[in-house]
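J.: Letter by letter, the chains look like this.
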Amino acid sequence: MSESTITADVTIDSRGATCPGPLMDLIGKVKKVDTGTVIELQTSDRGSTTDVPEWIEKAGHELLDSVEHDDYWSLYVETR
Amino acid sequence: MTERIVVVGGGTGGTVLANRLADDLRPELERGEVEVRMVTDNPDHVYKPTFLYVPFGKKQVHEATRPVSDLLDRRVTIQIDEVVGVDTDGKSLSLADGGAVGYDHLVLATGANLVPEEVPGLKEGGHHFYGPEGAERLRDALADFTEGHLVLSVIGVPHMCPAAPVEFVLMADAWFRERGLRDQVDITYTYPIQRAHGIQTIADWASEEFEKRDIGLETFFNAETVDPDEQVLETMEGTELDYDLLVAIPPHGGSDLVTEAGLGEDGWVDVDRNTLEATAAEDVYAIGDVADVPTSKAGSVAHYEAGTVADRIASRVRGQVPTATYDGKTVCFIESGMDEATFVEFAYGDTPVVREPSKPLHWAKLGYNESYWLTARGLL
Chain A
1 MSESTITADV TIDSRGATCP GPLMDLIGKV KKVDTGTVIE LQTSDRGSTT
51 DVPEWIEKAG HELLDSVEHD DYWSLYVETR
Chain S
1 MTERIVVVGG GTGGTVLANR LADDLRPELE RGEVEVRMVT DNPDHVYKPT
51 FLYVPFGKKQ VHEATRPVSD LLDRRVTIQI DEVVGVDTDG KSLSLADGGA
101 VGYDHLVLAT GANLVPEEVP GLKEGGHHFY GPEGAERLRD ALADFTEGHL
151 VLSVIGVPHM CPAAPVEFVL MADAWFRERG LRDQVDITYT YPIQRAHGIQ
201 TIADWASEEF EKRDIGLETF FNAETVDPDE QVLETMEGTE LDYDLLVAIP
251 PHGGSDLVTE AGLGEDGWVD VDRNTLEATA AEDVYAIGDV ADVPTSKAGS
301 VAHYEAGTVA DRIASRVRGQ VPTATYDGKT VCFIESGMDE ATFVEFAYGD
351 TPVVREPSKP LHWAKLGYNE SYWLTARGLL
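Residue numbers (the working numbering), protein chains in the order written: chain A, 1 to 80; chain S, 1 to 380.
It is worth saying that the hints were derived from the structure and are not from the lab. Heads up, a few of these hints could be off.
[To be verified] What the simulated footprint calls covered on chain A by chain S, stretch by stretch (three residues with Cβ under 8 angstroms from a Cβ of chain S suffice, anywhere in the stretch; the number is not a length):
id : segment
1  : 56–63
2  : 66–80
[Unchecked claim] Here are the computed lysine-lysine pairs in the DSSO-like style, where the Cα-Cα straight-line distance is at most 30 angstroms:
id : chain 1 : residue 1 : chain 2 : residue 2
3  : S       : Lys212    : A       : Lys58
4  : S       : Lys212    : S       : Lys359
5  : A       : Lys58     : S       : Lys123
6  : S       : Lys123    : A       : Lys32
7  : A       : Lys29     : S       : Lys365
8  : A       : Lys31     : S       : Lys123
9  : S       : Lys48     : S       : Lys123
10 : S       : Lys365    : S       : Lys59
11 : S       : Lys359    : S       : Lys91
12 : S       : Lys48     : A       : Lys29
13 : S       : Lys329    : S       : Lys48
14 : A       : Lys29     : S       : Lys329
C-beta: ideal position from N, C-alpha, C; glycine also.
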């Protein structure tokens, strides 16, 4: 378990949802927030830890950090 | 004192539930100990899968509707009115006509709504087959479409009937081939994530079919705007796609009622996925599209959820401990052309197997569409 020093503007709790739920939750949120917003996506789905970064790169946003907790991951994304 | 069960919504979930309750609680209803009341703003029940066939001239929109009153057990009280507020502390619903309805057990079955206005230009530039007007408009557009680029873009996820976009392009492919026009019509299917469908096995099957039939596939494609004049889709990923005829799966939204009542975000009710009880209020349940559970927004889900909630409420009314649970059972027929179909069946955590498409499965799907009215009556 580790912690991040990043403070998110918005947190999405997608724990318990399987792929593609977490990615769709993130895409939905990115549509609604301003550029420069830092989003923490919480997911307990291991597959999402690779699928989500793939989309972030494709869509031109930035993955700031990926933090593993006891039973979920926090992915920090800054919208561009 | 009469125990009041109120069901909001007259779609598949609400209708099956009300009929199951009328059956399960027949002695209590006849003794006047219980009332089952459905409040719906639409006097007609709408069977939405019919609309998939309308664009291809295979069904008419009137075949999708029947009066709710024809489908409900006579012991169910019907109230045609719009619910505009839910007070879960006072256990009361406020109605558009100014009245109020109290409840002891409340089931929300308000469905999902189309919100195309979330994507600028979509309403003007895109077609859909998720309602009667849209399906008829698309039928007329397809009838005139003899050449060009047909794009099916899945924009809203989650959306009703998750197989329908795949079905639509496979049916369109077969339909244009039958009419000798396929060489002049390019077909492209777009999906928001990195594969053709949210469920991996359906994505794998669909991708193979698309390749065999020369249907283009664009993934990681999240349409952000539609330019109806230039006929271009622009995406969040920075890509553009020209179209001549755009068929979109519009963004879907839940109910404002839900958000305002504090029952869930974005209009979907936050529920226990097995008991379907709302996490934020006592004696409130949600079934069908409005319930936020990790499976498809499909009629079969609403149907099976309704059975579970009917059992749980009936147990509570009788003073018994409710034991019925919903395991995520989902069944979807999938048309793979104009005369063959397959189907998938799965529960929470399962990976469905996509069977080889066949003519008998297509006939089974058409047969089920007819016998659906028995499902709505709680008989099948």
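J.: Could you run down the list of hints and mark each one as holding or not?
T.: Comparing the hints with the structure gives:
Figure legend: the segment 56–63 of chain A, annotated as covered by chain S; annotation consistent (3 residues with Cβ-Cβ distances under 8 angstroms, at least 3 required). Under a criterion of three residues with beta carbons nearer than 8 angstroms to beta carbons of chain S, the stated coverage of the segment 66–80 of chain A fails, only 0 such residues being counted. At most 30 angstroms may separate the alpha-carbon atoms for a hinted pair to count; S:Lys212 and A:Lys58 meet this at roughly 27 angstroms. Our distance criterion of 30 angstroms between C-alpha atoms is met by S:Lys212 and S:Lys359, whose separation comes to about 19 angstroms.
Taking the CA atoms of A:Lys58 and S:Lys123, the gap is about 27 angstroms. The hint holds against a cut of 30 angstroms. Simply put, S:Lys123 and A:Lys32 have alpha-carbon atoms about 19 angstroms apart, close enough for the 30 angstroms limit, and the pair holds. Only pairs whose Cα atoms come within 30 angstroms are accepted, and A:Lys29 paired with S:Lys365 is rejected, the gap being roughly 37 angstroms. Under the criterion of a C-alpha separation no larger than 30 angstroms, the hint pairing A:Lys31 with S:Lys123 is consistent with the structure, at around 18 angstroms.
A distance of roughly 20 angstroms separates the Cα atoms of S:Lys48 and S:Lys123; the hinted pair therefore holds under the 30 angstroms criterion. Simply put, S:Lys365 and S:Lys59 have alpha-carbon atoms about 14 angstroms apart, close enough for the 30 angstroms limit, and the pair holds. Of the supplied pair hints, the one linking S:Lys359 and S:Lys91 is violated, its CA atoms being roughly 50 angstroms apart against a limit of 30 angstroms. This hinted pair checks out: S:Lys48 and A:Lys29 have alpha carbons roughly 29 angstroms apart, not beyond 30 angstroms.
Note on S:Lys329 and S:Lys48: the hinted pairing holds, with a Cα-Cα distance of about 20 angstroms set against a maximum of 30 angstroms. The hinted pair formed by A:Lys29 and S:Lys329 meets the criterion: a straight-line CA distance of about 29 angstroms does not exceed 30 angstroms.
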